[in-house]
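Peer 1: Chains as they are written, first to last, in this note's numbering: chain F, 436 to 703; chain Z, 388 to 712.
Hints listed in this document are in silico derivations from the structure and should not be mistaken for laboratory results. Idealized CB from N, CA, C, for every residue including glycine. Keep in mind that a hint or two might mislead.
Stated by the list, open to error - Calculated from the model, a selection of chain F residues having no Cβ within reach of chain Z, i.e. all distances over 10 angstroms:
hint	residue
1	440
2	446
3	522
4	526
5	528
6	529
7	534
8	536
9	602
10	617
11	620
12	623
13	641
14	662
15	670
Said to hold, decoys possible - In silico contact screen, one side only, chain F against chain Z (beta carbon under 10 angstroms); selected entries:
hint	residue
16	454
17	457
18	518
19	535
20	538
21	560
22	698
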Amino acid sequence: MFSSSFRKYLFICKTRIIRSFTYRFDVFGNILMQTIVMVTTAFFWKALFQDETFRNGITADNMMTYTIMSSVLSVLFTTGVERRIQESVEKGSIAIDLMRPVNVFGMFFAEDLGNLIALLFQNLLPILLLGSLLIKVPTIVSVSAIPMFAVSVILSMAINWLTAAIFGMWAFTAISMDALFQVKKHLIRLLSGSIIPIWFFPKWLAGILNALPFVYIYQLPLDIYIGSASNEEIQGRMLIQLIWVLILAALFYLFSKKSLKKVLVQGG
Amino acid sequence: MITVRDLHKEYLVSEKGKGLGGTLKSLFRNEKKIIGAVNGLDFHVNKGEIVGFIGPNGSGKSTTIKMMTGILTPTSGEVLIDGRNIARYRKETVRKIGVVFGQRTQLNWDLRLEETFELLRRIYQIEKKDYLDILEVMDSILGIGELLDKPVRQMSLGQRVKGDLTAAMLHSPKVLFLDEPTIGLDAGSKYALRKFIKEINTIRGTTVILTTHDLGDIQELCERLIIINNGVMMDDGNLSEIVERIAPYRTLTVEYYDSIVPTHPKAEILSAADNVVRYKFMKRELTAARLISDLSSLHPIRDVGIEEAGIDDIIRIAYAKTVQS
């Protein structure tokens with residue numbers, strides 16, 4: 436029973452992958468944009484650092500690895516769930532989602548996973564390749580950091596998806612959420628360390644940010660990757676990361692039941 | 388099969404003020420207003436019935452259908468499908484129903500038709516053998532076989548509706564809900580759709596609930612009508628019984644040899660032009676034969692025609708009644 440129920444989400448995921456590949460050409464624009472941002476950011480850091488070293492032993496070389504890997508991670512943190520909910524409420528196709536015997540959030544997750552798998556080939560690999568060619572090969576600090584990096588990235592993806600889903604639920608009742616989604620997107624970009632690492636922020640601000648979930652999306656895995664923090668520090672922060680996953684999962688569970696009861700169906 | 392009990396649905400609508408001032412004001416303070424879309428519906432549908440759910444635009448019928456299919460959660464009251472509350476047990480209960488919305492599709496726009504069916508087969512966990520059997524049945528009724536390879540975005544509306552009907556039947560639902568299924572279809576596709584509804588009803592015993600504005604649909608398909616307006620039930624009964632009750636009259640058109648207007652004590656004259664006079668009479672008071680023989684004894688008749696009150700009259704009268712009340 437469990438396995439056949441699981442299989443339906445697997446098939447939703449597979450259908451998404453097939454669908455993603457029918458729109459092959461959409462991805463070029465995205466790769467181009469990402470590459471431009473990545474290359475300019477990398478050369479900005481290079482110009483800024485010259486040959487100097489930042490206080491915790493960070494070099495220009497580290498910063499370039501940081502930038503490439505940040506671009507790579509941003510592909511992994513692509514979520515469609517907010518747009519998906521908003522569009523289906525706007526067009527009224529949420530009715531179709533709800534008339535099927537599926538957990539709608541399970542379905543949204545499966546769809547995002549399918550998109551992500553397609554993006555691994557369509558975006559992640561090209562960006563990694565272009566970054567390696569145009570900037571440098573982004574090598575991890577040590578082989579022993581790989582498992583920690585992997586675990587941390589998975590937790591980051593969980594935080595990222597859950598935040599998106601919780602935000603997306605608002606769209607069940609309010610029709611236009613565009614502005615709010617934009618605000619959230621830019622907040623995450625700024626406050627998560629995706630462009631500017633948190634160590635460059637003033638102490639008090641960094642302190643506040645460390646209490647929020649956003650830095651556990653980008654900053655933590657990137658710190659692990661370039662080795663800019665001690666093992667003990669990393670372990671402590673991964674614990675906080677895990678706690679955020681649990682908090683957000685609880686909130687998600689709580690809201691998801693309620694939000695579906697408030698669904699609005701437009702038209703027809 | 389389906390029981391609807393004291394069903395209510397209220398929407399919270401925020402009132403926007405008029406003009407620039409009003410818009411600015413509503414940025415800070417929203418006037419919220421509760422609007423009742425469905426206000427206490429009670430009815431029961433038995434297995435194997437074909438029920439026409441009709442009402443003017445904005446009468447609450449689509450909202451009701453959406454609550455019956457588990458899409459919207461009622462504000463109060465309940466919908467039981469096969470004894471199960473669909474709002475509480477949505478995931479389990481929707482297996483028993485199939486839904487087709489005439490105005491939107493559940494087929495995936497970017498995929499071939501068969502790929503959507505394969506997805507639905509996984510979602511509803513249908514055995515491969517059963518799935519192929521159903522497809523064969525659908526092919527014999529709708530000729531779906533030739534469409535399987537076609538991408539949905541290349542389909543005509545008629546083909547798309549066939550695809551949607553098949554999609555709704557794949558898991559052999561006990562109840563099929565059709566929300567304005569014939570909207571925008573040409574005569575041929577309408578005919579195919581009606582034939583399909585009749586066949587699945589007789590062959591598979593599927594209960595069918597449809598909303599429609601198409602009088603032909605009602606006349607050809609519905610044994611029972613539920614008329615709703617302003618979210619309340621206006622009428623519920625057999626089609627012929629409703630006709631009998633709402634419009635118990637007929638019209639007789641008589642063409643005379645001369646321009647003359649003979650009268651009859653039990654018939655009302657609707658119009659008289661040239662040699663043609665139209666009489667309206669009550670079925671209970673007078674037979675058509677009696678009226679014709681009475682009139683012909685007054686004056687020689689060249690030709691006659693009898694019209695029943697049409698279904699469109701019934702609908703018009705039923706809706707008009709609701710506006711007054």
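Peer 1: Please go over all the hints and tell whether each is borne out by the structure.
Peer 2: Consistency of the hints with the structure:
1. Not every CB of chain Z is more than 10 angstroms from the CB of residue 440 (chain F) (nearest about 8 angstroms), against its label as outside the interface.
2. The non-interface label for residue 446 (chain F) is inconsistent with chain Z: the shortest C-beta to C-beta separation is roughly 4 angstroms, within 10 angstroms.
3. Distance check for residue 522 (chain F) against chain Z: the nearest CB is about 13 angstroms away, which clears 10 angstroms, and the non-interface claim stands.
4. Not every CB of chain Z lies more than 10 angstroms from the CB of residue 526 (chain F), the least distance being 8 angstroms, so the non-interface label is violated.
5. With a least CB separation of 6 angstroms from chain Z, residue 528 (chain F) falls inside the 10 angstroms interface cut-off, contrary to its annotation.
6. Residue-level check failed: residue 529 (chain F) sits 8 angstroms from the nearest beta carbon of chain Z, not beyond 10 angstroms.
7. Look at residue 534 (chain F): its CB is around 5 angstroms from the nearest CB on chain Z, not clear of 10 angstroms, so calling it non-interface is violated.
8. With a closest Cβ-Cβ approach of about 5 angstroms to chain Z, residue 536 (chain F) is found to fall inside the 10 angstroms limit, against its non-interface label.
9. Distance to chain Z confirms residue 602 (chain F) as a non-interface residue, since its nearest Cβ pair spans about 21 angstroms, more than 10 angstroms.
10. At the 10 angstroms boundary, the C-beta of residue 617 (chain F) stays outside the reach of chain Z, the nearest C-beta of that chain being 18 angstroms off.
11. Remark: the non-interface label on residue 620 (chain F) is consistent with the geometry, its nearest Cβ contact in chain Z lying 23 angstroms away (cut-off 10 angstroms).
12. The beta carbon of residue 623 (chain F) is kept farther than 10 angstroms from every beta carbon of chain Z, the shortest such distance being approximately 26 angstroms.
13. With a least beta-carbon separation of about 35 angstroms from chain Z, residue 641 (chain F) lies farther than 10 angstroms from that chain, consistent with its non-interface assignment.
14. No beta-carbon of chain Z comes within 10 angstroms of the beta-carbon of residue 662 (chain F); the shortest separation is about 43 angstroms.
15. Every CB of chain Z lies more than 10 angstroms from the CB of residue 670 (chain F), the least distance being 40 angstroms, so the non-interface label holds.
16. The beta carbon of residue 454 (chain F) is positioned within 10 angstroms of a beta carbon in chain Z (closest approach about 5 angstroms), and the interface hint is therefore held.
17. Hint status for residue 457 (chain F): holds, given a least beta-carbon distance of 5 angstroms to chain Z, under 10 angstroms.
18. A hinted interface residue such as residue 518 (chain F) counts as satisfied when its beta carbon comes closer than 10 angstroms to some beta carbon of chain Z; here the least separation is about 16 angstroms, so the hint is violated.
19. A distance limit of 10 angstroms between C-beta atoms decides the matter here; for residue 535 (chain F) the minimum to chain Z is near 6 angstroms, and the interface restraint holds.
20. Hint status for residue 538 (chain F) relative to chain Z: holds, with the closest Cβ pair at about 7 angstroms, below 10 angstroms.
21. For residue 560 (chain F), the shortest C-beta to C-beta distance to chain Z is roughly 23 angstroms, which exceeds 10 angstroms, and the interface hint is violated.
22. Taking 10 angstroms as the C-beta contact cut-off toward chain Z, the hint placing residue 698 (chain F) at the interface holds, the least distance being around 7 angstroms.
Violated hints, in rising order: 1, 2, 4, 5, 6, 7, 8, 18, 21; the structure is consistent with all others.
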